Amino acid sequence: MVERPTDANPAGSRLPPKDDNEARLQQRLERLGESLEAHRAAEEAANRRGKSSGFAQATKVASEFVAGVIVGAGIGWGIDKAAGTTPWALIVFLLLGFAAGVLNVLRAEGKVAEAGARLREPSGQETQRPNRDGDRSAP
Amino acid sequence: MAADKVDPIHQFHITKLVPINLGHYDVSFTNSSLFMAATVIVATLFLVMASSGRSMVPNRWQLVAEMSYSFVANTLRDAAGKAGMQFFPLVFSLFMFVLVANLLGMIPYFFTITSHIIVTFCLAMLVISTVVIYGIWKHGFHFFGLFVPSGVPAALVPLVTMIEVISFLSRPISLSVRLFANMLAGHITLKVFAGFVVTLSAAGVAGMAGSVLPLAMAVALTALEFLVAFLQAYVFTVLTCMYLNDAIHPGH
Amino acid sequence: MDPQAAKYLGAGIATLGMAGAGIGLGTIFGNYLAGALRNPAAADGQFGRLIFGFAVTEALGIFSLLVALILLFA
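Residue numbers (my numbering), protein chains in the order written: chain W, 33 to 171; chain A, 63 to 314; chain F, 3 to 76.
Okay, chain W solo, but in the shape it has when bound (with noise of 0.2 Å):
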């Protein structure tokens, strides 16, 4: 909270003087935005960790496990049905949606970046991988 407005004046006083108030109030409107947007951010991050019951982690865990699966062999079972290939699109279906099930599994926990987000930054991810497999191979 002290450290707001001791990190706004510096930048204010880097402008040249002869620039307008406007500009500068509207510079520090948006620093003020952004910090208070990140804060946010965070408090929720670490709300959101304290909170989750174990029971709570427990069934979404499951479930999206569960789901993958029970999707891959649903539409396995939807193919042979329809081109009465019995019954391999089943079992390759349903590999396929054990696979799901896991990445599923490790979306929820975390540990891979959603789809949209490894398509959005894919450098993001390529700089965390080697750095979890430091940590692995350390101790």
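Keep in mind that the hints were calculated from the coordinates and are not lab data. Values in this document were obtained by computation on a predicted structure and should not be read as measured data. Some hints could be false.
What the hints assert, rightly or not - Listed below are the simulated DSS-like cross-link pairs for lysine-lysine, each with C-alpha atoms no more than 30 Å apart in a straight line:
1) Lys-144(A) / Lys-143(W)
2) Lys-253(A) / Lys-92(W)
3) Lys-78(A) / Lys-253(A)
4) Lys-144(A) / Lys-200(A)
Unchecked claim - Covered stretches of chain W (chain A as the covering partner; in silico rule of three or more C-beta atoms under 8 Å from a C-beta of chain A):
5) 54-66
6) 86-98
7) 125-136
Backbone N, C-alpha and C define an ideal beta-carbon position, used for all residues, glycine too.
Using the hints provided, position chains A and F relative to the given structure of chain W.
Quick look at chains A and F alone, frame taken from chain W:
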């Protein structure tokens, strides 16, 4: 008298109140429909009455309404950004519907509509079809880029895409199963412990004394169920926001 | 025996294989938890291996589920 007829599943039976048949379809007005209508009416009345005062210093009702508004608005803004606010009516309606339905279900002898998977599945399908339709309308074919991850060897792309598609399709299932399973399990547990009280207290003085334990458990579980009712509505809302985020920003 | 009944019995027996996967998962997560409590600092680094073990073990359970599903629906 009812000691031998404690059936924890009985509370989920659907009964026809007004039988209606349209052609070959049975569209009867059931107790489930009644409580869905009641949920909508209660939520609407609550919000309209609470916000009708519009005083600068809110009274308790208005404060609760404003808190639920800002709570959902913050959740949506955090997950989907400013562009997500166009979906606020949908998300807020979903949140209020699920929350009021869960809380109404906590009243004894009331029917819990969210303990039926078809209801929660329809809610989840509403969310997912909104995501898919808005995504395709806004981004066209580019929306399907969500399923093709970058930085994967070309030989693995079909496999990974398939897995991503299944993972996407499993969202409505996991969304609905989670809400449904939590409500179902909670209400069955509550009923089982309440049934212990009835059975034990029918067995004389010693049973009466022994029934204090399951009674205490039932009271504690009721408190827990109120927490779960709120938590599941919140989880449903958060996941809705996250999925909407995919539709608004499917990668650039 | 009625072939239909034999099919259902077979499917039921096949799902018993999931019990093995359940035991395996219990071992994996139990040992992970024991290790994580001894050395919490190393716990996060081993999460990837935990999920790998979970996936491999659960895959074997999925095979028995697959056999049951094939018996039932294929």
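Okay, the hints, checked on the actual structure:
1. Lys-144(A) / Lys-143(W): Cα-Cα ~26 Å, so holds.
2. Lys-253(A) / Lys-92(W): Roughly 24 Å separates the two Cα atoms, so the pair holds.
3. Lys-78(A) / Lys-253(A): Satisfied, since the Cα-Cα distance of roughly 23 Å is no more than 30 Å.
4. Lys-144(A) / Lys-200(A): Holds, at about 16 Å.
5. 54-66: violated (count 0)
6. 86-98: holds (count 6)
7. 125-136: holds (count 8)
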